[in-house]
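**Student:** Sequence:
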Amino acid sequence: MELSKNFNHTEAEAKWYAHWMEKKYFNSVPDEREPYTIVMPPPNVTGVLHMGHALNNTIQDVLIRHARMHGKNACWVPGTDHASIATEAKVVQMLRERGITKASLSREEFLKYAWEWKEKYGGIILQQLRKLGCSADWDRTTFTMDDHYYKTVIKVFVDLYNKGLIYRGERMIHWDVKAKTALSDEEVIYRETNSKLYYVKYNIVEESGIGLHDLSSLQNEKIIIATVRPETILGDTAICVNPKDERYKHLVGKTALVPLINRRIPIIADDYVEMEFGTGALKITPAHDMNDYNIGKKYGLEVIDILNDDGTMSEAAQLFVGEDRFEARKKMVAALEEAKHIIKIEDYKNQVGYSERSDAVVEPRLSLQWWLSMKKLSDPALKAVLDETIKFFPPKYVNTYRYWMENIKDWCVSRQLWWGQRIPAWYDEEGNVYVAENEEEANRQRTSVNGKLKQDEDVLDTWFSSWLWPMEVFKGLSEPGNKDIQYYYPTQTLVTAPEIIFFWVARMIISGYEYKEEKPFSNVYFTGIVRDELGRKMSKSLGNSPDLLALIDKYGADAVRFGILISSPAGNDLLFDVKEESTLKQGSFFINKIWNAMKLVKMWEGRATANNQQSTGNFAVTWFEQRLNEAKLEIEKLYEQFKLSEALKTIYSLIWDDFCSWYLEWIKPGFEQPIEKEVHDKTIFFFNELMQLLHPFMPFVTEEIYHLLQEHEDDICVKQLAVNSQWSADVLQQGNLLKNVITTIRDARNKNNIKPKESIELFIQTASKETYTSFEEILKKQVNAASVAFTHENIAGSIVTTNEEDKFYIKGEQQADTAALKAELEKDLTYQKNFLQSVQKKLSNERFVQNAKPEVVELERKKQADAEARIKTLEESLKNLA
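Quick note on full-length UniProt numbering: the sequence shown kicks off at 1 and runs consecutively.
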């Protein structure tokens with residue numbers, strides 16, 4: 001069979017993925033094996049594959065493929081999330097392109113369009129994950145609006161309401177003016193923003209019954225207030241100062257006038273105000289600030305909402321009605337300046353909340369919403385992580401989780417949208433509410449028979465469905481006690497991003513203990529954030545996120561997977577060089593290295609013979625077998641610790657260095673010379689084992705090579721990997737010695753201009769001659785030595801080099817230019833002595849030794865020892881040349 005020059009990733013990916021699917025290798029049903037279950041964090045149904053998805057899903061695929069190759073019943077459940085806000089925005093955009101507005105449609109008509117959009121575009125990301133090589137059980141694909149899932153979400157809402165944990169109330173919420181819906185605290189991203197701080201004058205009046213037309217004569221006092229949101233002045237209902245503040249004591253109880261509109265507002269005193277902050281006086285706008293709302297409740301202040309739900313100024317604002325809030329801000333400042341109410345304006349940096357969904361600046365707003373009381377529910381979930389029933393990798397996120405859980409707030413679960421699970425609450429004409437799984441049940445509950453019940457218009461927060469994900473993908477709540485939920489739950493590992501630790505991870509743990517009285521997963525692996533070479537998070541808005549499908553087409557899925565994982569320690573951010581694509585190129589080079597190694601081994605196939613008397617392969621085979629066994633255990637430990645990047649680096653080094661650079665060179669037969677069949681067979685065996693180790697990371701090239709090396713009836717995708725826990729430390733030590741000696745002698749040849757084709761005489765001065773006998777033939781071949789002899793004497797006229805305690809004397813075929821060689825050695829000696837002096841100076845500095853990290857000090861000591869050894873060798877070489 002003729003092998004292609006290079007690996008054709010396009011052909012291999014299409015061929016092998018189709019083959020795996022046909023064989024149903026990714027499908028899982030309960031059996032007697034140990035299950036290994038992962039539920040895919042469901043990407044938004046609006047999603048397309050980006051670097052974050054690639055990182056997250058490659059890690060999951062590595063874990064699943066690894067489990068499958070270790071005899072476990074691997075089940076990876078894929079799916080998508082209906083993503084209320086994002087999907088509704090997409091549907092509204094589609095309608096706009098067709099000349100239709102959402103407002104012109106009934107709810108039912110709108111939902112028909114939403115389902116049309118979902119059916120057309122909703123599965124794109126799952127198809128793209130197949131291109132990446134993801135081995136999910138696609139027959140188990142779940143959507144959070146599937147019929148069974150929808151009904152379960154409703155059932156859980158009703159259950160929590162009946163337990164007294166869900167309630168309806170008017171409270172301050174974060175409002176997304178673009179999506180026109182409430183947001184939870186966790187859906188607000190705070191960014192440092194360059195703002196302006198406006199110092200505004202409020203005039204003071206005495207309460208004396210004088211009409212407003214006479215007020216100007218009484219405006220002899222004023223109070224200055226600093227604000228970054230001058231448009232909200234129109235909603236002010238009080239001014240608050242600290243009762244201990246001597247500057248304002250005489251003003252407490254008096255009345256101020258809201259600038260421009262002259263609304264009378266009281267000046268009140270409360271310890272909440274910090275005297276040192278700003279001017280020490282605060283404007284109180286209960287409808288538009290969380291803290292102001294609490295002050296307003298305490299003192300019974302009026303609540304004036306100056307904003308409409310789309311962020312324009314309402315009738316209550318009196319001025320700039322219908323104007324966008326930011327346009328109104330500009331006009332408000334101009335009007336205040338004209339009326340001489342602006343004292344000064346300063347540049348100011350502050351934290352501004354943005355919608356995680358629409359990126360609009362959020363507005364605090366008083367709103368009637370549905371809430372889930374979280375404190376009681378969260379206790380078992382907090383304990384499970386603190387006592388390591390559920391383990392976090394890396395563990396640094398335990399503190400983040402604990403802080404949030406210990407300070408948990410009630411969850412606003414309602415959203416002012418149409419796409420999603422509709423809140424199962426019905427209202428009669430008197431305003432009574434009936435919470436039930438359906439209208440029929442609600443009617444049975446009602447006390448009045450007058451009129452038709454009307455269902456709540458809102459839907460549930462998307463996270464209220466996805467928090468049930470590990471249970472309901474197995475229909476654990478819709479069909480309690482079924483075989484799947486009993487076998488697969490709790491799942492083994494969750495792979496997710498740390499930014500949704502509150503949105504999703506914590507809530508899944510909470511719901512798992514509430515509805516299964518058990519953890520939903522045993523381990524949580526937090527990936528880092530993919531950033532560009534400047535450290536910026538990749539995003540569409542910055543234009544720094546590469547087209548992942550184009551990268552797969554260019555480099556292949558294996559190289560992309562390699563490039564993403566090689567620099568992705570758990571929980572640490574990944575820096576991806578968008579311009580250079582260096583790690584992807586490294587992946588391609590690695591594939592070429594393996595491919596060429598495979599072609600080399602296949603080339604020897606016809607030269608394998610059982611009668612080769614000149615074989616040097618015995619030690620090489622023995623050494624690599626021990627090295628392979630050692631590496632396997634090391635890799636398994638890294639898997640257990642979820643150090644997948646380190647595991648890949650170990651496999652990379654094992655293949656590139658130990659196998660290709662050393663082992664294959666040691667067994668390589670001479671030109672047109674035979675190779676011992678036993679050595680060749682063993683080499684094929686090693687190659688297969690290496691491809692198994694690499695397979696979870698790079699599935700396509702490993703499957704291709706596995707079948708090209710020799711005929712197989714099975715596939716590497718499901719082949720069981722044997723892990724031998726035994727290896728010989730003595731053999732490994734001998735192997736390391738051989739590598740070091742070869743490197744030492746090759747360096748000496750290079751430095752002394754002995755050409756590779758020129759053979760040498762090698763003399764070894766050692767206390768343990770026996771150490772060298774097992775690999776003497778390999779050493780001769782690797783350093784091109786015509787002979788190897790052991791000596792106790794110095795060999796005059798030779799080049800001297802050392803390796804630890806042993807010395808090596810090298811004589812070339814050509815008479816060396818002694819003068820030139822001596823000059824070169826003396827130059828090197830001078831350099832080494834100067835270098836040693838600089839290192840010793842650093843080590844003699846007590847401050848450096850005490851303050852530097854131990855590993856830095858140790859590195860300097862190693863430099864000192866290496867320089868001293870090199871100086872000794874150079875001096876002996878010069879003595880030999882004298």
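Heads up, a few of these hints could be off.
As the list claims (entries may be wrong) - Simulated pairs of lysine-lysine, DSSO-like, Cα-Cα distance not exceeding 30 Å:
(1) K519 x K163
(2) K780 x K602
(3) K757 x K879
(4) K602 x K853
(5) K602 x K677
In case anyone wonders, no lab produced these hints; they're calculated from the structure. Owing to the predicted nature of the structure, the values given are computational and were not obtained by experimental measurement.
**Student:** Does each hint fit the structure? Answer for all of them.
**Tutor:** Right, here's what the structure says about each hint:
Under the criterion of a C-alpha separation no larger than 30 Å, the hint pairing K519 with K163 is consistent with the structure, at around 21 Å. For the suggested pair K780 and K602, the alpha carbons sit about 25 Å apart, so the restraint of at most 30 Å is met. Of the supplied pair hints, the one linking K757 and K879 holds, its CA atoms being roughly 28 Å apart against a limit of 30 Å. In summary, the hint linking K602 to K853 is not supported, as the alpha carbons are separated by about 49 Å, beyond the 30 Å threshold.
For the hint linking K602 to K677, the alpha-carbon distance of about 13 Å falls within 30 Å, and the restraint holds.
Of the numbered hints listed earlier, the single one contradicted by the structure is hint 4.
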